[in-house]
Amino acid sequence: MIAGGLWRTVRTGMKSLALHKLRSLLTTLGVLFGTSSVISMLAIGEGASYEAQEQIKLLGSQNVILRSVKPLDDPNQGNQRSRVVTYGLTDEDLERIEETFPGTSGVVPVREIVGEVRYLDRATDARVLATRPEHQTLTGRLVVEGRFLTSEDERTLNNVCVLGTEVARFLAPLESLLGKRIKIGSDYYTVVGTLAPRLRLSEDRPTAGSDVTGEVFIPFETARKWYGRLQVRMRAGSFDMEEVDLHEIVVAVDRPENVPVVADASREMLRRFHGQKKDYEVVVPLELLARAEETKRIFNVVLGSIAGISLLVGGIGIMNVMLATVTERTREIGIRRALGARKRHIVTQFLVETVCLSIGGGTLGVALGLLIPLLVERFADLVTIVTPAAPLLAFAISAGVGVLFGLYPAWRAAEMDPVEALRHE
Amino acid sequence: MKSPEGLREGVLQGAEDTVAELIGVERVYRMGETEVRALSGLDFRVRRGEYWSIMGVSGSGKSTLLHVMGCLDRPTGGVYRLAGRDVQTLSDDELSEVRSRNLGFIFQSYNLIPQLDVLENILVPLFYQENPPEDGEARARALADRMGLETRLSHRPLELSGGQQQRVAIARSLVNDPDLILADEATGNLDSETSREILDLFDELSAEGKTIVFVTHERHVAERASHILHMKDGRAEEVVVQRAVEARAR
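Heads up: the protein sequence lines correspond to chains L and B, in order.
The opening residue of the first sequence carries number 1 in our numbering; numbering runs sequentially from there.
The opening residue of the second sequence carries number 1 in our numbering; numbering runs sequentially from there.
For the record, the hints were derived by calculation from the structure and aren't laboratory data.
Beta carbons are placed, not taken as given, at the ideal position from N, Cα and C, and that holds for glycine.
A portion of the hints provided could be inaccurate.
Unchecked claim - Computed spacing ranges between beta-carbons, pair by pair:
no. : chain 1 : residue 1 : chain 2 : residue 2 : range
1   : B       : 188       : L       : 420       : 45 to 53 Å
2   : L       : 29        : B       : 200       : 50 to 58 Å
3   : L       : 323       : B       : 88        : 29 to 37 Å
4   : B       : 24        : L       : 29        : 57 to 65 Å
5   : B       : 145       : L       : 368       : 24 to 32 Å
6   : L       : 327       : B       : 35        : 53 to 61 Å
What the hints assert, rightly or not - Which chain B residues stay away from chain L? Per the calculated CB distances, all over 10 Å, these:
no. : residue
7   : 37
8   : 79
9   : 100
10  : 101
11  : 141
12  : 194
13  : 201
14  : 203
Next comes chain L alone, as it looks inside the complex (with noise of 0.2 Å):
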């Protein structure tokens, strides 16, 4: 009976409503912007962090990342057209790491080498990397084809390579290049296999005077072979010399709990050898991840903020509108009191006409909501993710909203005098 009851009454605000059809549409957008923005802002917010995340993820969340950072020109150093600088990680430092960092599970060194990837008439500037085999396992890249390097490939110096999807399928769209010859710098290398590509993230472009991203892999030793520590850079109208032994060094970390202390021992490590130079920066992941969570609450703040904001100027619309609608329907009330309405079933009545425009509102906004996220990844080349909680969360927020500001012009019917009320013109 109950339900019957509750059923009638929302019959009866649905035609409430349709009495006034543009009225109640013009009352609900409010509602539908707010709703949506709600959903589309958190989608953006997710997507955002999502990425931020994939990144650092990629570095490996227990790895402590050391690199070597090129320092600043100095203007009073020799010629700049032709100077050799010297600067960054050392094989000495890889040694000292190796041998007395404890809570370390696995320590690899890369060093990028310049050189053009060429296969038949492609080519591409892609990132040369020269590490060893545990590389692999230290960053969870994946093969899909072929192997990744081995320590054979190290011990035997072979001149192979892995290569990255995106420059595999720049140099042969069409074809497998495994067991192939492509030639990196003036050196030939075979592919022995080709990674999985890595989740799509809206920064992974081509960047300037590159056509591709992505790596290619080649052993450490066989770098060590053929390119030695001096690098020629070829700018326009310049060319740099750079003498540098390891671009990077990767150190595994055995516990979650002792990447701090390892962070800690590489800052001090590196400081006490290398002095006032600041050739390098210790990169760490797990405090990144831990740095994005935090901007990513303060984003979701921000950004709840504003879409709170929004379903409050939707919710306040809707009360003006809902208290206009009493004072306009005074009369109605009055006969309805006269015909035996309780004050709740007056309360009723008129939330149930304002949780009507709210839903009507919030599911319109839901959908708008759901298609504004696939507008900007498809026109703003954003990353968006639509969380199932984000339409239910916006949706049950619109219905609060529609309660929370119903309340007051429906206690204010339900409080009028029945024989003022039936006075009413």
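Please build the complex by placing chain B on the supplied structure of chain L, with the hints as guidance.
Positioned in the frame of chain L, the structure of chain B alone reads:
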């Protein structure tokens, strides 16, 4: 013809067939410093099956009496009993329940709910009952048939003529089988032909034993009733018994 004293005597005598009973009822309004006595020690008793007309000039207290009898307003003094219940002691919710179960209202301007169709308008008093009768809709349809509205059930009030709207209002006042039907200038907005039809309907209802209190300022309308109460300054000035009505058991 009875004097007010005679009426008080009657009120105090046997009450087994009494539907509504007002003893020394007062209704005083305060408007700032001024005190307005709309009802001033009114005694009035309605027995089952009686058809009363209440007459009086503007400001005589007719409407206030109707509001008090309709449990829309509480007396500030005296006693009002409806169907054996002392109205002053009832809570707001209980008064609402009394209105939906024991009373039927007919207003001058029909007072139908515009967004509901004819059938729903007739059913409104049952919407608010705690345990509405299961045959409510059948009852509403039968009443609509009787009022000649069988082809208009799904129409909205604004699609009906004044006479048809008042018939809907009459059907609505009967759907809960009330103890007392209260009509406030029920023919005031109708032309003379339609008024006559509506008054004929009231005659029929009275003949069937319905208890009716009809507020009017038109003598020809009042003369249709079995009893006429003339009011002046919030009191019963004169009671005219036009024809005897046999007391009916409910």
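Violated hints - listed by number, lowest first: 1, 5, 6, 9, 10
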